[in-house]
Amino acid sequence: MIRAEGVEAMEYPELSDRFGVSGVPQTTINGGAGTVVGAVPEQNLLAEIMRAVSR
Amino acid sequence: MTDALLNEQIIGQIREAFLNLKEPVAIIFFGSRENFDYCDDTRRLLEEVSGIDDRLTLKLYDIDTDSEAAKRYRVDKTPGIVIAAMNGDQISDYGIQYSGIPSGHEFSTLIQAILLVSSRESGLTPQTREFLKNLQSPLHLQVFVTPT
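These protein sequence lines are chains A and B, in that order.
Going by this note's numbering, 13 is the number at position 13 of the first sequence; the sequence numbering is gapless.
Going by this note's numbering, 1100 is the number at position 100 of the second sequence; the sequence numbering is gapless.
Heads up, none of these hints are tricks.
Short, incomplete list of chain B residues facing chain A, as computed with Cβ under 10 angstroms:
id, residue
1, Pro1079
2, Thr1109
3, Thr1128
4, Leu1132
5, Leu1141
Worth flagging that the hints you see were computed from the coordinates, not collected in a lab.
Heads up, the beta-carbon is just placed ideally off N, CA and C, and yes, glycines get one too.
So here's chain B without its partners, still in its complex pose:
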């Protein structure tokens, strides 16, 4: 049995952060056999995180064998993580994704994204919301980060 990735202290901190969870969240993971090591680590990490609270549901996909799902969620990289709203059985995709292992500083970004989606509030100004509401064409924002 391999060791857990998250120690008791970190799990405690996450549990405390998750006290602020409101609505259910789906954590949707896409892996691939080509990228096995990174994907396996990421999958295990997400399993541990989603296991901390009942309001989180983990869904696991393979980008090649589940290509329909990959297209639906607009995922083209592995490991790929989608953080979506879950209402009953329905998943609402807000387009929030992370590509790569969310390690180091990016791990707290993952937790923040889960909390954001759970709140069902973007926290954006009315001006920004108005602009986004009237968008006529796709908008793809890619934020490049490093874990250190």
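Isolated chain A, as found in the complex:
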């Protein structure tokens, strides 16, 4: 049910463009339902995930 995928942005430029990746790391949740830019504490990531899945 959970899939956590590290993606090398330069090898997948179309995907990076689609999700508007400029600064890394960027965490895209469920194909764009949520986005977190930068390395953030667990609490912050969890909050954004909760927001994203409730949409």
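Knowing the structure of chain A, use the given hints to seat chain B on it.
Relative to chain A, chain B alone:
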């Protein structure tokens, strides 16, 4: 015979990091003929890494000819790496993947992922675990990175 990708110094550092390995880990690789250069480099890198410790098992697949396995592991890109728990012959897939060559800084990310899975502990807070346990629908996190 082509040169090894990892020099003695790096192998030594990895060996030291792997002193902390607990349980066995499966490194599952998906390549494709279309993306041969990247895939070949990645495969060779994983062969060298998995050869450093007996607790690591490398499994090699082709995303096209092994499409069943690709579906099972939810891999849709090559080179694709899955880091999974191995208990005897059983593989437990935690959904931990990397797409692309894990070079530069991402190489240490690969080593960290192996150690994490080997520990069998996520290190997450009880609050996060509770939320994830109660998830009713798939969650796909994609972390975009660059090697430099």
